[in-house]
Structures are given as C-alpha cells and as structure tokens.
Amino acid sequence: MNPSLNQDQRAILDALDAMLRPWENAPVHDAPLFASDPALEKALAEAGFLEVAGDPDLGTVTAALLIERLARLPFAVEAAASVLVGPLLDDRGAGPLCLVDARRWRRPVRFLCEGARVVVLEDKRVSAFTASADQFRAEPNALFAYPVATLHGLPEVRKPLALNSTELRVRWQVGLAAECAGLLAGALASTVAHVSDRQQFGRPIATFQAIRHRLAEAQVRINGAYWLAMRAAADCDPGQAALAALYAAETARTCSYDFHQFLGAMGMTLEHPLHLWTYRLKLLTGELGGVAGHARSAADALWGPAPD
Amino acid sequence: MDFEWTEEESAFRERIRDFLGQNLPDDWERFAEHGPGSPVLTEFARQFCGRLADHNLLTPHWPVEIGGLGLDPWHQTILAEEMWAAGEPRGGQYMNVNWIGPTLMKYGSEEHKARYLPGITSGQDLWCQGFSEPGAGSDLASLRTRAEAVGDVYRINGQKVWTSYAGLAKTCFLLCRTGEDRKRGISILLVPMDTPGITVREIPSIIGRGDIHEVFFDDVVVSLSARLGEEGQAWEIIAYSLANERLGIPRYALARAALERAVAILGERGNFADPAVRIAAATVASLCEAARWTNYALIDRRAKGETVGAEASSARFATIKAERRVSEFIAEHLPEALADAHPFLKMHHQRGIVAGIAAGAAEVQLNIVASDVLQLPREPR
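For the protein sequence lines, the chains are B and L, in the order given. Position in the first sequence (first residue = 1) + 35 = the numbering used here. Position in the second sequence (first residue = 1) + 6 = the numbering used here.
Bound conformation, chain B alone (with noise of 0.2 Å):
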C-alpha cells in the first residue's frame, strides 16, 4: 500500500500547476454564467496532458489526478470523458468528446457542439455519433457553469463501439467523481477565503461555530470523495467507481447550497465566483441516476444484483 504520489505524477502535476497559472484566478471584468477559454484547451492538448491515461506508465489515476486538477480551475474545460474514455475509442474525433445516458438523453449535455463525438451509454451496448447542428439545441441561458446543449433525440444511425456499458459508466464514473472532488475542492476553498475575510458583528463570520462547523463536515466529506475517487481509479472496479461516484454526488449535493448560504446575499449574484464550481456540481450530481442511480450500481457491484 503506498497511496501517496509517484515521481511521475508529482512531475505531471507540477507541469500542469505551472501551465495552469494564467487561469487559476476566475475573470473580473464581466461576471459570466460559466466561463471557458479555448486557449486553455489548446495548451492542453498540445502539452500532452489529455494523452495520460493511454499512457500505461501513467494510467488512469494519473488522469483522474488531473481531472480532479482542473476542475478547481474557474474556468470549465472538457477533460474527464477525453481523458478517461477517448484512449478506449479508435474514432475519437477532432471535437470535444460527450457522454450521453441513453435513458436520459433529454438532460443538458456538456460541451456539446457541432463535431463532437458523442458516445451513447445503452443498456446492452455503447454506440456513437458525431453531432451535426440539427441534432442539438444550444442553451445559452442555462445556470449551468458548462457550456452545455440539449439534443433533439438520439439520432437513429449510431455506431456500435467494441466498449462495452459497464466499462462506460464505469469510466464515467471514476471522471465524474474525480471532477466533483476537484470542484469541490475549488468551490471549499472560495469559500473559506470569503468568509475569512468578509466582517459581520464586528468579527470575521468564519468565526461563528455555526459555519466552521458545516465547513469542517464539508472539508471532511471533499477529502473523502478525493480518495475514494483516486482508489477507483486505480482498478477501475465497477463497484469502488459507484461508491467513489455515490459520495460524491452526495457530497456535492449537501455542500453546494451551504457554500452559497455563507456568502449572503453574494450567494445569489454573480459578483462572486463560486457559482463557477458549484453550477457545474449542480450538472455533474444528477448524471447516471444522481445519488440513488450510484447508489443502485454500487449495490449490483457489491452484493450482486436484487432478485426480480
């Protein structure tokens, strides 16, 4: 058991803190929605970082490392399905890479734009497209911090992929939870610095036992989905993958709305940035079924699946 960073990944990680530094600050001068830079996603991809996971040095807790990295950034980037699932596809595309739940494929998708390859969660099978501009509405008014669209239906020509669906949400899974932990992370720390600074009674809040205490159940709480992310990374185990995915959705669900209340009246503007990371959790929380879908897939992993 050594559970610490290897030589390799302290390495990756520090390369990408130094490659991250111009858009670790969320932007000031307007106060967007969500924010994005295509600059950030071309100095990804041409340092390399969105290759890791292909990598079998470096494998998939590296990639999840990294996912969990960028999403402390303000800025929403896609990197969790083309890290952990574009090494697995031999037509990845040039677009941004998307997941779709077949069962729920009216919910908003993320990085949805022309050209993206969309890969298609089934019951039985995995299949996939390449998204043309009748298929999908752009939302350009939604409060989710990703760019996002919504598809019309799934159109009727897919293409069959050797993956097959559980190594799919499996894979899902492990990214979302990772993502989650990283914005959680993101969003903790946003927090705690407001309410360090911000004077209520002639004292920082931070100082009143009724807020450390729900920041303390939340660092302990984001701590945990960050490990139980990385551990099923490691073996991408369908069962460790729920559990991971499960706490984190659960995680997110009951921090988001603290983190919001402890800003005030901030918590419902957007003159603070802390929307950047808790309107993506919001997103992220109810994908594959939310926390009771987990929740049923941890279940099947575990004690195998209920008798009909």
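One should not assume that every hint holds.
As the list claims (entries may be wrong) - Between beta-carbon pairs, the in silico distance windows are: (1) Pro383/L <-> Arg288/B: 24 to 34 Å; (2) Ala46/B <-> Asp346/L: 35 to 45 Å; (3) Asp346/L <-> Asp272/B: 30 to 40 Å.
Claimed, not checked - Calculated Cβ distances over 12 Å to all of chain B for the following chain L residues: (4) Arg23; (5) Asn62; (6) Pro140; (7) Asp158; (8) Lys189; (9) Arg215; (10) Leu272; (11) Thr300; (12) Ala303; (13) Asp306; (14) Lys327; (15) Glu385.
In short, the hints are calculated from the structure, not lab data. Don't be surprised by glycine CBs; every beta carbon is placed ideally from N, CA and C.
Chain B is already provided as a structure; the job is to place chain L on it using the hints.
Using the frame of chain B, we list chain L on its own:
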C-alpha cells in the same frame, strides 16, 4: 499512487485471520456481549493478548528493543482492522498498544519503561485513562483533580468520571492539576489503582457491564517519580497520545463488517430486494470506504515518518459518520439485533456508540479541523 496491499501485507492479514480463527471461542459473538470492560471479557482479553504476544502479534509495530518487530504503521493498521472487525477481543488492552505504550516510550523515565512496558508487551496489564471529570468533559483543561507536591510525594484529591476499564485496571494514566495555569498547570501521574484512597464505582452503560466508572481520589499518595514528563507538560503529551488514538482505532472496519453482516441477514430473508434498502446500504458503505481511505492517506504519511496533526481529527470525523450511519441502518432495518437476535450487530452497536464521544467529542474534532486544517480565523474566547 498504489492502492493494493503487497503480498507480504496480505500474508500478514491472513496470519491474523488464522490466529483469530484458532483463538476466538466458538461462541465469541455471544460471549462478546459481556462488553469490553466486563470482568469476563477482561479475563478473556488477558489470555487472548498473552497468546497474541506469544505469536508476536500484540506489539509488532513497536521497536525491536521494546518487545516489538519494528513493523510499519500499515501492519499496525492491518492488525487493528482485523481485531476491530472481530469486535476487538483485546478489550481495553487496545489502548495499551496504541497509545499508552508509545507515550511511555517517548516521555517515560527509565523506571516507567522498566515497570510498565513488560506488562503491556506480555498482554497482562489493563490501564484506564483518568481524563474526564464532572465539570471537565469536552473542556478538559478545566479539570480540577489536584496533585499537591508534599516533600517527595504527590497527594491527590478529586474525582474522575466516565472512566473506561477503571474497575479492573492496574494503573491509571491520570491528568491532574499541579499549577494554576489552565493548560500548563496540568501534569500526568501514573497511579497504581490499588493505592489506598481510590474508590471506583460503576456507572451502568449501553456499552455493557463493567465499562464506565466514576473514580474518587481521597488523599491518594504517590511518589514524585510517578509523574510522566515534566510538571505542566500534560497538554503536550496528550496531544501526542490522542493523535495516536485517533488514527489507531479503525472503527470503519467494524462498521463495514457489521454492514456486510446486516446485508447478508436481510438477503437471506428476502428483504434486500427493496431498492430503498439497497440504496441506503450502498450509501452507508460509501461512508465506510471514505473513512477507510482518509485514514489510509494519513497512515501513509506516518509510515513515511511525517507527523500527522489536525488531519487526524478529519479522518476521525469521517469514521464517526460511518459508524453512526451503520448503526442507524441496523436500527432501522434490523431492530431485532438490538433485542439480541444478532449478537454481532448488537455488539457493534454497543462498541460503536462511543465513536463520537470518547477521546474528544465529534464537535471538538470539527473545531480542530476548522482552525488547523481549513485555517479559519479562531473563535473569540
């Protein structure tokens, strides 16, 4: 990051399982209802720990020169997980090997080490910790039991309460006031429990018979050499001890074992098809695993020689949550366990009820996390 046990670590775990298979009585689960501090279990633990010691499995994580094998904190964790998952057959002696022994090694005089360590490494001695008082629970530094230096002795007067194992303990690890300063006025005395002037009364508890007590000190006299460390050093010493204690009890292992047992029982009788029950069980399992891995992250740092401070409180809080939710799951879905139908689950409930209370309340852990992990500005005093 490597999340797999090495072959050697797995073999060590198997060795402990074999040992438990051979040395726990057939009716252990029913037997364990006596409670960890009961006379029956204390006597059983003495024999059991003696056999553990014979097999080098009582203090394998201690240094070789003090009766150990010098194994790393991972082995200590594996050992503790297996013991807790079985319901902790070491009884109160788990404290000895976790923190009393290591604290004596670090702060004890040569006389203390010679006098007390052999009784721990041979599995014969039981200790109690004289910490809480009627007016000093979470606010431990307000304790009032006083030790007055008179010539070459201390005279102790005062009262301790909610003291585990005091009825049968040989020695008390006693916190008492030797000066006026709130924290720097507190010292530690190692007090033989058969010293005249000590009176012990049992307090009936949910944990089981013989576990919780009040202890009175009326003009109890011990030599100055009974003091551990310097006068006024107690706060520093117990910070060290409690960091060991917080990481040393893998309650998540017992909680997960109890959950598995509950799921198996529900499955056998056809009550585990209900999606609501399955969702609840998986949610509870995720809390157990989160606790496990947050603890492992710190054990890893300890194994690499780092000091683990406030993060131990974060890991402990994760464990408390897991323990609580497993207990709630069982009370909700298998209430007959608390009425004796499933002794292992009843034992889990009784052992688990202390998780958020003993060794520093859950809320105190959150205070520590807020101030020292999140670095929030402190509350005004």
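Against the structure, test the hints numbered earlier, and report the numbers of the ones violated in rising order. As far as the earlier hints go, 2, 10, 11, 12, 13, 14 and 15 are violated by this structure, in ascending order.
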